[in-house]
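These protein sequence lines are chains A and B, in that order.
Position one of the first sequence corresponds to residue 1 (this note's numbering), numbered consecutively onward.
Position one of the second sequence corresponds to residue 103 (this note's numbering), numbered consecutively onward.
Keep in mind the hints are simulated off the structure, nothing from the lab.
If a hint is listed, it holds; no wrong ones were tucked in.
A short, non-exhaustive set of chain A residues, derived as facing chain B with CB atoms under 8 Å:
(1) Ala56
(2) Glu75
(3) Glu78
If you're wondering where the values come from, they're calculated on a predicted model, not measured in any experiment.
Think of the CB as a built atom: it goes at the ideal place given N, C-alpha and C, for glycine as much as any other residue.
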Amino acid sequence: MDAVFKALADASRRDLLDRLRAENGQTLNELCLRLAMTRQAVSKHLAILEDANLVATVRRGREKLHYLNPVPLHEIGERWIGRFERSSLQALRDLKKALEAE
Amino acid sequence: MSKPVFVYVIYIASTPEKVFKALTDTDATAKFWFGNAVTSDWKVGSPVTFHRDGKLIVSGKVLEHDPPRRLSYTFQSQHEPYNGTEKHSRVVMDLEQQRDQVKLTVTHDDFAPDSKVFAGISNGWPLVLSSLKSYLEANRVLYAPWYDEQAKREAEKATS
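Use the sequences and the hints to build the structure in full.
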């Protein structure tokens with residue numbers, strides 16, 4: 001679990017996860033587009049995310065595709081969010097969304 | 103081959119044999135898969151079904167059965183509101199021993215272009231995999247959010 005929090009404690013890495021959430025299964029080249037980071041930096045961040053199991057990779061021919069793997073985040077939720085809190089948290093989130101949309 | 107839509111990875115402190123058995127066993131799946139019991143003779147081409155409370159939830163066909171390394175079947179949601187109207191997608195489970203743990207990779211792809219089943223599944227798999235891990239490591243299963251909804255519906259039915 002330490003690896004997950006360390007991996008998430010960096011804005012660039014969270015940005016990479018956002019990009020995978022928007023479009024799953026991207027290659028390193030695709031992830032480098034429109035990013036103010038060197039290819040080496042992106043590659044290093046992806047390796048940290050992969051070590052933390054937040055990113056899963058699949059080889060397709062010569063390409064390596066990157067996927068957002070939400071399983072460790074789910075495990076964190078299971079640890080601290082109780083079964084009876086889930087629906088009240090959902091209601092609070094809906095309220096926040098509705099108020100902020102006004 | 104089309105680009106996989108989902109790739110989920112979980113590490114479980116167990117053996118590939120035990121993980122494979124859990125994924126293919128009727129009683130085990132009924133426990134960790136939130137009441138969804140799988141049934142099949144696991145011969146390539148044979149039917150695979152998941153039943154919950156006696157109702158057919160998912161059906162498909164065995165594509166690969168290579169214990170304890172690989173399991174693959176087609177997947178069609180038969181429950182409300184899909185009722186088998188969408189084409190079959192494909193589930194592939196790869197198991198790999200890494201020291202004293204198993205790396206389980208679940209790939210789910212081949213969805214219809216405008217698939218509605220897709221969204222539900224993206225929430226479902228992390229829950230199922232976490233529950234499988236708890237089941238094998240600590241003999242405890244997780245709780246599914248839809249239990250509450252189900253209980254609420256039944257309570258409403260009983261009072262009306």
